[in-house]
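Chemist: Sequence:
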Amino acid sequence: MALERLTQDGFLTTRLDEVINWARKNSLWPMPMGISCCAIEMMATASPRFDISRFGSEVMRFTPRQCDIMIVAGTVTYKMAKVVRKIYDQMPEPKWVISMGACASSGGMFRSYSVVQGIDQFMPVDVFVAGCPPRPENLLNALITLQKKIEHDRTIGSLFHKEPIFVADTPAPRSAGQVA
249 MALERLTQDG FLTTRLDEVI NWARKNSLWP MPMGISCCAI EMMATASPRF DISRFGSEVM
309 RFTPRQCDIM IVAGTVTYKM AKVVRKIYDQ MPEPKWVISM GACASSGGMF RSYSVVQGID
369 QFMPVDVFVA GCPPRPENLL NALITLQKKI EHDRTIGSLF HKEPIFVADT PAPRSAGQVA
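Sequential numbering from 249 applies to the sequence shown in my numbering.
Note that these hints are calculated values from the structure, not bench results. Only a predicted model underlies this, so the values are computations on that prediction, with no experimental measurement involved. Using N, Cα and C, we set each Cβ at its ideal position, and we do this for glycine too. Any given hint could be a false lead.
Claimed, not checked - Taking lysine-lysine and the DSS-like style, the derived pairs with C-alpha atoms no more than 25 angstroms apart in a straight line are:
{"hint": "1", "residue 1": "Lys397", "residue 2": "Lys343"}
{"hint": "2", "residue 1": "Lys343", "residue 2": "Lys327"}
{"hint": "3", "residue 1": "Lys343", "residue 2": "Lys273"}
{"hint": "4", "residue 1": "Lys273", "residue 2": "Lys397"}
{"hint": "5", "residue 1": "Lys343", "residue 2": "Lys396"}
{"hint": "6", "residue 1": "Lys396", "residue 2": "Lys273"}
{"hint": "7", "residue 1": "Lys343", "residue 2": "Lys330"}
Stated by the list, open to error - The calculated label-pair distances, taken between Cβ atoms and stated as ranges, are:
{"hint": "8", "residue 1": "Glu252", "residue 2": "Val331", "range": "53 to 63 angstroms"}
{"hint": "9", "residue 1": "Ser295", "residue 2": "Ala271", "range": "19 to 29 angstroms"}
{"hint": "10", "residue 1": "Glu266", "residue 2": "Lys334", "range": "28 to 38 angstroms"}
{"hint": "11", "residue 1": "Gln256", "residue 2": "Gln314", "range": "35 to 45 angstroms"}
Please construct the entire structure, taking both the sequences and the accompanying hints into account.
Modeler: As structure tokens, then:
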């Protein structure tokens, strides 16, 4: 019914936040950090059977300056953690992180002095994917979860002033000196 009205009137109204978030959530470009065995499952999501391109994420770039989501798949050692953090810092804002697999999320079966017990110790993580190794469906589920999170972000304030802008549902009461 709304589309028929659009063809009659010729315009559509919406909030700018919703348009920006719609564009962001449907065009996530992943930065694959395939460090160990979980990387094979991450690569499988691009195959025709699982088809990550349905979610607008088929453009896997290996340069951080063109990506907005980092998928860390595999065991991260303390030596590698510095590299992962450096690549994360090179990504433009807004950026998100998916921790894929038990090793990236909690160190997995490696309880040693050289393995980081979860990448959330040195960088913010938005979605954790369980499994050893997790199936491609789990990564797609994490991508859907991240899209839902992005859909409800407040973007206008962070774009212009680097601070959130809150819009009240009801208009503020006018004082006696204000003119309508």
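Chemist: Do serine 295 and alanine 271 keep their Cβ atoms within the hinted range of 19 to 29 angstroms?
Modeler: holds (26 angstroms)
Chemist: Tell me if the beta carbons of glutamate 266 and lysine 334 are separated by a distance inside 28 to 38 angstroms.
Modeler: Since glutamate 266 and lysine 334 have Cβ atoms about 34 angstroms apart, the given range 28 to 38 angstroms holds.
Chemist: Taken at face value, is the distance from the CA of lysine 327 to the CA of lysine 343 at most 25 angstroms?
Modeler: holds (23 angstroms)
Chemist: Is 35 to 45 angstroms right for how far apart the beta carbons of glutamine 256 and glutamine 314 are?
Modeler: holds (41 angstroms)
Chemist: Check the hint pairing lysine 396 with lysine 273 against an upper bound of 25 angstroms on the C-alpha distance.
Modeler: OK: lysine 396 and lysine 273 at ~8 angstroms, within 25 angstroms.
Chemist: Can the restraint linking lysine 343 and lysine 273 be considered satisfied, given a maximum Cα separation of 25 angstroms?
Modeler: Holds: lysine 343 and lysine 273 sit about 12 angstroms apart, inside 25 angstroms.
Chemist: Between lysine 273 and lysine 397, does the CA-CA distance stay at or below 25 angstroms?
Modeler: holds (9 angstroms)
Chemist: Can the restraint linking lysine 343 and lysine 330 be considered satisfied, given a maximum Cα separation of 25 angstroms?
Modeler: holds (18 angstroms)
Chemist: Is lysine 343 within 25 angstroms of lysine 396, Cα to Cα?
Modeler: holds (15 angstroms)
Chemist: A range of 53 to 63 angstroms was offered for this pair. Does it hold for the Cβ distance of glutamate 252 and valine 331?
Modeler: holds (54 angstroms)
Chemist: Are lysine 397 and lysine 343 close enough, with their CA atoms no more than 25 angstroms apart?
Modeler: With Cα atoms ~12 angstroms apart, lysine 397 and lysine 343 stay inside 25 angstroms; holds.
Of the hints listed earlier, there is not a single one the structure fails to meet.
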